[in-house]
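Engineer: Here the protein sequences come in this chain order: A and B. Heads up: the first sequence is residues 1 to 177, going by this note's numbering. Heads up: the second sequence is residues 1 to 478, going by this note's numbering.
Incorrect hints may appear among the rest.
As the list claims (entries may be wrong) - Examples of chain B residues toward chain A, derived with CB under 7 Å: (1) N159; (2) N166; (3) T180; (4) L182; (5) I187; (6) E223; (7) I235; (8) F238; (9) V243.
Read the hints as simulated data drawn from the structure, not as lab findings. All C-beta atoms in this analysis are idealised placements derived from N, C-alpha and C, irrespective of residue type, glycine included.
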Amino acid sequence: MTLPVIHLALFPEDQIDSAAEAISRLHKLGVEDKDISVISGIPYSDKILGRPMSWSRVPVIAISGAIVGCLIAILLYYGTPLLYPITVGGMPLLTNPTSFVVIFELTMLGLLISTFIGVFVEAITPSFGPKGYSSEITDGKIGLLFSSPSDLEERVHTLLSDLGAEVVHRSEEKLWI
Amino acid sequence: MAAETRVLNHAAAEKSEEDHREHLMLDPRPRETLNRWVMEAMLTTTPRYWIMVIVLGLLVAVLLFGAWGNQIAVGMGVTSKTRPVFWVTYITTFVFWIGISHAGTFVSAILRVFKAEFRRPFTRAAELMTTFGLAAGALFPLIHLGRVWIFYWLVPYPNARWLWPNLRSPVLWDFLAINTYLLSSTIYLYLPLIPDLAMARDRTTGIRHFIYKILALGWRGTEAEWHRIRTAINIFAFAIIPVMFSVHTIVSWDFAVSMVVGWHSTIFGPYFIIGAILSGVSAVVMILAVLRATMKHMDYFIRKEHFDALGKLVLIFSLAWAYFFYNDFLLSWYGGDEALKRVITFHAEGPMAWMWYLMLVCNILIPAVTLWNKKIRTSPWLMFIITTLINVGMYFERFLIIPVNLSHQRSPFDWGEFNLTPTDIMIPLGTLCLFLFLYLVMSRLIPLVPVWEVQEGQMAHTLRKVGKAEVTSVSELE
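Modelling step: build the complete structure from the supplied sequences, incorporating the hints.
Structural biologist: Put into structure tokens, the structure is as follows:
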């Protein structure tokens, strides 16, 4: 069995069509979607590149955080006055109209902080796709990072060069330029 | 004849091409060029910049921390707080800063939700204003405490005193709301900054490279990363808007829940919010005018079209503010409550009447007379002057609501004066210097323009022919 090799092809920033076409041709060569990653300096939607839909756990983590925030708010608002009851301003100890403020604020705090935690956790969680990067990508190049069997190398290089990929790097491990 | 026609057509085509290039979204440059310009703007400092940083730093040390330290050592008697005016410039300036902080969220979140493309180059400048405005404003509850060393009594945690904060108090709601807004705004500033931090990481060395590398969280720009960050930004954009509305509503409830004459009004919530957005958007215009004039290459990113768009918004909010002001004023005047009528008469005829009229001139008359004119709206320095006057007017509005109202309550025997002390003036000025200092320093630490958003917008904008005209077409790339 031939070992996979990681390739990084860089397309100029105004050639998104070529990059999308390159992905289609790689599919025809047998390179699967899970072995391909597009790296770019601006976000391109999945539809533009003909890629499968990405998904993220961030919304689920955000909702969970909101629920936790809401529960903490309810505990604080309805629980703490009972621990050491002090009647203030002739108001009842537990008042529903004012509870909405505290519950709203802590629910939103939970939602927003957990959204950030979700982004942070997913950022530091190891991923299993091909690893590679070039600093030219932040300068506008569209990077096509994929791993393919080494016996396809020549065909892949020809394909990418024909479509205008400027540089094609290769590595057996992580490709970091 | 044919030659004349050719010359006219060429001139028309040139004019058309020039007109389009006036718009940032129709004047794309290579990404490498945009990155270089933003990095040059960030890394370039002049002797004038350093002089300003040093002067502002010294002013913060003396005006803010020096005066505050003196207040802690000597006591609250160094301020003008005395019966019946217990809230003077501290609370006024607190409300002012919280109001200023609404601009970032408005520009960054609301305009993002409504897909207003003109927001792209200055969302970060506005978000930075929010963060530092909140930081300046959040100092005032601490300053106003007097005994600042017991501020932790506000934090709800089990303690040996068996005491919990009173969660039915608007002051506690303030504590929760402002902290929520501050944390959320800081994170909302950080999330869209990550791709630009990665760009800065790739273009710097040494300590800067190290710090950007950590903050960029290993960003490469993969599809998964973009999807994750866009999802998070969209969640923030939608969620931070109600937080923004709640914060200033809760600040208004500091006044409205009380029975103080002139404060106990149901319209205070929306009235304060509109005032906050007016002063906030005006402050954005002020900052953009300064950035454009002082930072390298900013004239490419911040153009007259942006001042034009923001000018229209300022006009709309000024008219909305006038509507809410008149609502509050008319019902106070019409209602027949003697104490309330005396207060509004005191505003218009008392010793601070000049402030009341100046407020109306700055907040209503000047915007209404000037901002309908496109030539004025597209002049950065005229817009700077107009929006500065609006912010002066908005500060006066809060001053009139707070200490002036308190000095003239129900019982004539209890009417009093306030005589501002140096501490009353130094500390608020100190927070202004702190805001400017933090902004100046941060403008050289992070890329001030979200390059990826600008380029995304430029990609989405094209010109197409409809009939005989070339019109701008905006694609939905997301």
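Engineer: Could you run down the list of hints and mark each one as holding or not?
Structural biologist: Against the structure, the hints:
1. N159: 10 Å, violated
2. N166: Where the cut-off is 7 Å and the nearest Cβ of chain A is about 6 Å from N166 (chain B), the hint holds.
3. T180: 4 Å, holds
4. L182: 10 Å, violated
5. I187: 5 Å, holds
6. E223: 5 Å, holds
7. I235: Constraint on I235 (chain B) satisfied, holds at 5 Å.
8. F238: 10 Å, violated
9. V243: With Cβ-Cβ at 5 Å, under 7 Å, it holds.
In summary, the numbered hints that this structure violates are 1, 4, 8.
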